[in-house]
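Enquirer: What follows is each chain in one-letter form.
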Amino acid sequence: MTEDIEVQDADILEEDPELVPADRRSSFVSTLKGGPFSLASWFSRRARSTISWFGRGPSRVRGFFRDPKTNTRNWASRARARVVTGARRTRRELDTITSVQLIAVVAIFTLFLILPLVSVAVYAFTTVDGAFTLNNFINLFKDPGIWPFIYNDVTGQIDVYLNFNAGAYSAPLNAIAIWGWDFGAIFNSIYIAVIVTAAAVVLGVFFAFIMAKYDFFGKRVIRTLLIFPILAIPFVGAIGIKEFLKLDGFINKLFYETLHILPSAIVLQGIAAMIFVQSFSLFSLVYLNAYSSFMSIDPSLEEQAENLGATGFKLFRSVTLPLAMPGIQAGAILTFILSIEDLGSPIVFQDHPTARNTLAFKIYQAVATQTGVEGSVGPAVGIVLLVFAMIGFMAIRKYTALRSYDAGTKGGQWNPRTKRISKKAQLLLFCVLIPVLFLALIPQISVIMIALAGSWQPQNLLPDTWTLGNFEVLWAFPDVARSINVTLLYGIVATVLIVILGASAAYIIARKNIPGKSALDLLVTAPIALPGIVIATGYFTLFYNTPIFPIGHPAFLIMMSYTVRKFPFTVRAAYAGLMSTPVVLEEASQNMGASKNKTFLKITLPLIGVSVLAGSLLSFVYSVSEVSTSLLLGSVGHSEAPLTYWTSRVLDMIGQWGGATSAACLGVLLMCMQWIIITLTNKILGARSAAITGI
Amino acid sequence: MVEIRTENLRKTFGEIVATDEVNILIEEGELATLLGPSGCGKTTLLRLIAGFYEPDRGKIFFDDKEITNLPPHKRNTGMCFQNYALWPHMSVFDNVAYGLKLKRINNMKYTKIAVERRVNEALSLVHMGDLGHRHIHQLSGGQQQRIALARALVIEPDVLLLDEPLSNLDAKLRIEMREEIIRIHNEMSITTVYVTHDQHEALSISDRVAVMDEGYIQQFDTPQEIYANPQTIFVADFIGQCTFIDGVIKSIDDQITVGIPNNQSVVGQTTIDGYPFETNEEVKVAIRPEDLHLKREGPKDNEIVGKVTRIIYIGNAVEVYFQVGEILAQALLDPDSEIKEGDDIHLFAPMDEVMILPLGGVDALRKVPDHPLALAPAPSSASSDV
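Line by line, the protein sequences give chains S and A.
Quick note, our numbering runs 1 ahead of the 1-based positions in the first sequence.
Quick note, our numbering runs 516 ahead of the 1-based positions in the second sequence.
If we strip away everything but chain A, and leave its shape as in the complex, we get (with noise of 0.2 angstroms):
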């Protein structure tokens, strides 16, 4: 069991940044997740930390121990490729036996035998026990997964590197194998990296998330940290739903004021500690859908008026979009209110749910005094390169 630690990790391909100024400490046993939208650098990081890329500057460390440029084989991790990277020519057995028959214990090999047994153990563990014999283009996709989860598994890496493993499975298998994979690590306890564009998935997995965007890693917390208080206007977007409506600052005291369109305001709460905002600072009022209602529960409630555009029953709720000023909103209401389309209405919001957030994404958070960013260099570099 490792931690694993970045240090202002950078990479490009020729005029792209793929990913830059990454600080993280992913911590023993800890299973953290990398989340965001294609493209955004998360299997690129991943590939860093496996050895594939060489990073243009940064650093990486197993612990105390840096392993920047150490080649690959030499790094003890197990890695599960997004399309399994199962050898063709050979058995299921063959394939999991392989990391084993080259493992290296103080110049010591296995025997025989107990390669055997660990790989019988191994895909027993993923419940493929009996298959061991079989070609890999005899298994069906949840089978290959495994035994590629089994193959990761079977070296006892310090850290297991999981890049997309369930995006290739049909919705009721992702399931089954999600839980599998969460069972595998509570039993093994390895550090764990696990890459994903879904955000149920990284919800629902993770002891940490990182969500990425456009290289850089926007917040790095806990999966409610991340619902409840996201850092950034993508994260906020990205995860869940919900309304943005730009605004102005008004005043700044327990509360922030925020004057918005049509000559409303809103009082809401800064979700960064530490981000100095001003009064007439541009700023975005967020507001997920679930947190409208249609009675004040609070004297100091929000209220906010629309006209609602179009309702969409969805069991065991009703989505309502109404139109404040040119701005649509979204609300998730009791699916027995009575509303329809046409009609004005009235939501509140209770002002610790209100949620105010600067603009300029993770710019803004080098502002933040203690936070990663504003301690790494001069961000010159990342933005005139390009």
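Extracted from the complex, chain S is given alone in its bound form (with noise of 0.2 angstroms):
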């Protein structure tokens, strides 16, 4: 009976040989091939488009004039018609209270999002005086931290500012030291953007792919530690990480003293750590969009190809692959941009000038320091952030489009399409996975051996007593204590504002039929894309030294803040939410004679409440730890500045309770905070997780 069993799992093994690698490379290929490939074609489409919509423009302006009086007539009345109808359509869909929430939706989407862009773009276009130039974005391409390639007026050629020395080797300490590469701030941006992405790609679809498809020993607890990457913001994780990768620290006493697996000591820094620290705590991004898309593929879809003769290798990359790929290049785009605009690490790893020659840090610098915008380096380089942040959106709207297949499914039963995998597979898969799992929670156990680490010797592996006396770092200052409660209630009432809107702006974008709807959806979810540093920014060009924002008390604004920029996670759960309950239950509700508003009450909200709850619980804890905004307005007001906001002053700070322990001990209670909630969302969610990234 085990021989029997023992064959049968050898045959499962041999089944799948390319299990582990044909995994990594399938999805390493075809994020090379394909991603860019189809990001091209749907560009070369919207080009030829345009393009053959201002050809045909000439023979329609001809055929305009050929009988101007009655066109113009036939075109005001079109027009005059397609407004009444408008009118109409949104009279017959909209009643008062859903007419409410969506103005107010729209007043403060315009009033705490697009003015503020808005001001960012006037303030980056004008001079001191209020003409328009080009000088402010001139300057930046003469600057050797933005751009290399800078035009010598003296010698009258280009000088190239690329340092490609990477990293250095000290005989003496036995150590490497790797900081990357510095193309200037515009192409590290990109490079670090691009690497990260990869490596997130890389391992988001491996543990998706494993999670998905085998049942093991101790997945649940794997699947559990998985979702805690996406917690620690890569502001807290860097705190720890930078602590670890050290000369002295955990990973090389470890590797290179006490384990001798390294021939010498290695120390990342800047560029290098931030790629380390963004890679791991951005994949899980891509994983739980991944795990998602491949649990929501129809199993009759693979047995069918299963049926036709594809198996292994080839069934993942014909049919699970492309089925899933929506989802995974969606997390791959939202990584990208989420990288991209990262400001925790830059500020942790700026002690190496590579870190500082970044587009997120640049902005940081230029209006941290003056709190005010007289240099317009700051706006000038927004815009340029803000141009590579929408590309990424828009493209990631177009995979969006796409993932409506998902859900194609026409009865017919469910059989989930998890292997058991037999016991020396899965001591094979413990090999990889375990190492991997190491290094993505690296962040979280760095932190947290740190906040609680009592004395430590350097060369000890582990700190020689532990203690939570650190923790009194949170009594050490007035300021520091009030933030936690200041931090709770921005998010409670950035929370609430949120529910009492979002989840109406979701009805209204997938029940009604109004004139702009697109538009509204498009309002609404931009913010996961805009880059915090950049509203922040505008917020400082508009309403600096306005009631709104009166010198020294950004309180209000940062509430709006929280509200706008954590808007996407409730809408779009909702979304999710009222795109898998069917019409014809709120039909069948009218039908019975209740009205709109009832309906909403009694059976959509019931339905859709539990998706509701789950976007909130994540705007909130998105919230909390929100670091752009927080960081650049807490500036201009200690007292009411959030919690992100002292975690990164106490880290600068010198003394008894400054440093890295300290700004640990700030980020270990905002983990726990988000952990807590997290871990409840997850629940409540299952298989719907891809909602916690907000697309």
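Heads up, some of the hints might be wrong.
As the list claims (entries may be wrong) - Lysine-lysine pairs mimicking DSSO-like chemistry, simulated, CA-CA at most 27 angstroms apart:
{"id": "1", "chain 1": "S", "residue 1": "Lys599", "chain 2": "A", "residue 2": "Lys766"}
{"id": "2", "chain 1": "S", "residue 1": "Lys214", "chain 2": "S", "residue 2": "Lys684"}
{"id": "3", "chain 1": "A", "residue 1": "Lys590", "chain 2": "S", "residue 2": "Lys513"}
{"id": "4", "chain 1": "S", "residue 1": "Lys603", "chain 2": "A", "residue 2": "Lys625"}
{"id": "5", "chain 1": "A", "residue 1": "Lys816", "chain 2": "S", "residue 2": "Lys599"}
{"id": "6", "chain 1": "S", "residue 1": "Lys513", "chain 2": "A", "residue 2": "Lys619"}
{"id": "7", "chain 1": "S", "residue 1": "Lys513", "chain 2": "S", "residue 2": "Lys399"}
{"id": "8", "chain 1": "S", "residue 1": "Lys603", "chain 2": "A", "residue 2": "Lys856"}
Unchecked claim - Derived list of chain A stretches under chain S, where covered just means 3 residues or more per stretch with a C-beta under 8 angstroms from a C-beta of chain S:
{"id": "9", "segment": "603-613"}
{"id": "10", "segment": "691-703"}
Since the hints were derived computationally from the structure, they do not count as laboratory data.
Each residue gets a CB set at the ideal place from its N, CA and C atoms; glycine is no exception.
Dock the two chains into a complex; use the hints.
Expert: Dropping the structure here:
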């Protein structure tokens, strides 16, 4: 009997000999191949249709002037008819409450998202006197910290500031320091984001596939652990990793001094360290999206392919991966955007000059140090960053539209295709999983260890004593203690606003047929991609020293920025809930005599309540851990600054309560808050966990 | 109880015309079926009556009251959805009670006891009396269907709307539920509109059937009339089986003589009263398989000669396929008849069973004086907009 089982297991192993390598390779190859290619084809399609539109232009104009009177009349009557039917449709679709909510959403987003961004753009393109200028941008290209190819007036040649010196070896210490190339902020940010995205896709798809397709001992534990990286925002993780990656940090002590695996000590600094931190905290975005894509593939699609003779890697490459691709691509693009706008890790690693040469840090430097906007470097860099983020966002929109084929099943039985794997295969799996998981969890492990470490002799691997005493930092500064309350308050106010407006915004998008609906959808989803630091810059250029933003009191704006920036999580979750709830359930209620409002309250809300709850919890979590606007706005009103601001301040401070240990304590506090809520949300959402990423 | 009247109803989705020029009158207490292939516009018409769509043009009346722009919750219709649309977050009892709790009669609402009594009555009407406490996912398909019916009936609607209510059930349950619906309809005699694509269901259940195709009502009549006197080629083809032969009219008197290929000719009757046939008009001759006989029954019977290509035994009869010129025709014959494949066969069709139909479908019907389509406004918008 046992022999039988073993033989069977061996068969399974032989069936999928490519299990691990194939998985990595295919996801890697297809990202390299598929992503850029389809992006390019999308752009070329767009370009072609635009060109042909312009091409048809002259003939349209000619046609118009052949009979201008009638044509004008026709055009006017068509336009009038369109306005009239649009207005009539709106009146029919919306009742008073929905209209009020709709107006509130549009007003808030205009005031706290669009206008700030517009004002940044205006600042970037005007001189102090208010005249139009491109000088701010031209100046960017004269700064070797931003652009590496600079025209030299004296020699008449282009000076190149590409610094390929990516690391150094120190013989006396037997240590290698790696900090990465320096090509100026624009290229730095791009190449960091590309590497991080590639790493995140490889890791994310690998884990997602294993989790979705195989059953093994300890799966639940690993699944829970895999959710954690998403919580440690790069900011908190970076604090721990910085300590861990020092010359006498934990990693070197473990792998170089204790285990002797490494031939020399390795120190990551600047950009190299940022890539490391971002890769291991952002890969879970790809993981969550890929996981729910894999889970939502109708098993019969794969069974059909198997029935036709596709197995193993062929099956994965030809059916499974293409079906999951929209989800994976969406996760990858989101990773790209978050990496390019990440402010936390460059701040933590700013002691090395390469980390300072990134777009997000340049804006931070320009705005935070001057508390004003005299030099327009900040807005100009902000526009550059905004353009990159918007391109990425448009790409996401394209792929999320494709995702609709996730739920294409009609009846039939849903037999999940999870395979139980043999002991041998499991051992193999663990040999791969555990080291990768260890790396992925370093940010969390390191922060916790540092926060709890008592005395720690440099030569020892682990701290000599463990203590909770470090947490006394919470009481050391009154502002820090207050910032906890303040942070919770901001989070709660923002979340309440988000729920009140987000649920109905989702309802309008999903169910109502009004003109401008897709624009509304775009508006409430865009914040996920808009760099917070640019929005915060806009708050300074637009509102500074006005009743909304009195000097020294940023509280109101912080709340509004949380509301606007974390809105998409609730809207997307509610939207997903609505999409999985058949419209007939609402129609049946109307048929029974319930009005639209009554139907929304009694039928729709109970059915999507769970989704809205989960979404609002996420909005809350991401609000309290928000970094970029918090740092910028907090810097002008210490007593109203949130926890993330104080974490970064404490990190910079010198003295008993300054430095990494205290910052790590605050980080742990933040993480605990998130863990509790995310675990809760994950329980509620189950397989729909992609909603955590908000797309 | 109300009668439903529609006036020149039209609904489009973008470029697609879902339904057009619908003029029907469904009488009080009648069970009318909308029958047609998928995509013919029957569900659109039902949802127009329920109020989930607003027509582009035309009016709907319940009795003399126009309800075209009335929102669905004010129409007092009970609808049974194709997938039942039972609310998963409520028990069976709550699902059925929902409409009653919302119902207001002269600004008065039902007491809790009244609601309970009525829900229990409705549940026992569909033989589900003891399952009120269950949750929806604990019910089988047939049980869900009954609950959906009970939910629609309990509010005592003026109009009962059923959207393919039996399509998700297995064959045996379908017949059972069909009987159930007939029983309940007879008991309560509510004006009912029933949507289906199954002709057996439609013919067996309805007082009158509206056969629809491509958005138009092709014919609205009793099942017997629909079968015996189809008004368009589509109806003849969709209901039952038919052999069609192209032909040209040779002469018209009481009967119509049509020349068909191979220099044969047949004599038949039109099914459309008042249609102005002309000589030399191209028409289709339609003959039902069961109207072809091996023996001559009257002196004037049409004789058709063909070559047998295939014989299928179906128990109480044999289906005989035979070739006439280029056309493959079908006959339903006595199972004892000794016919072999390859034989030449002589078949006889009585004159009054041979149907002569004009080409052109519903557009041809516009030529009939008094026909609803002839009375409707100019059809130009219907075709040119598409």
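Enquirer: If a hint holds in the structure, say so; if it does not, say that too.
Expert: Consistency of the hints with the structure:
At most 27 angstroms may separate the alpha-carbon atoms for a hinted pair to count; lysine 599 of chain S and lysine 766 of chain A exceed this at roughly 66 angstroms. Distance check on the hinted pair: lysine 214 of chain S and lysine 684 of chain S sit about 20 angstroms apart at the alpha-carbon level, within 27 angstroms; holds. Restraint check: the Cα-Cα separation between lysine 590 of chain A and lysine 513 of chain S comes to about 20 angstroms, which is no more than 27 angstroms; the hinted pair holds. Distance hint between lysine 603 of chain S and lysine 625 of chain A is fulfilled; the C-alpha atoms sit about 18 angstroms from each other, no more than 27 angstroms.
Distance restraint check for lysine 816 of chain A and lysine 599 of chain S: the Cα-Cα separation of roughly 69 angstroms exceeds the 27 angstroms cut-off, and the hinted pair is therefore not satisfied. Under the criterion of a C-alpha separation no larger than 27 angstroms, the hint pairing lysine 513 of chain S with lysine 619 of chain A is consistent with the structure, at around 26 angstroms. In summary, the hint linking lysine 513 of chain S to lysine 399 of chain S is supported, as the alpha carbons are separated by about 22 angstroms, within the 27 angstroms threshold. Distance restraint check for lysine 603 of chain S and lysine 856 of chain A: the Cα-Cα separation of roughly 68 angstroms exceeds the 27 angstroms cut-off, and the hinted pair is therefore not satisfied.
With a cut-off of 8 angstroms between beta carbons, the segment 603-613 of chain A has 3 residues touching chain S; three or more are needed, and the interface restraint holds. Given a C-beta distance limit of less than 8 angstroms, the hint that chain S covers the segment 691-703 of chain A is violated, as 0 residues qualify and 3 are needed.
Comparing the model with each earlier hint shows violations of hints 1, 5, 8, 10; every other hint is respected.
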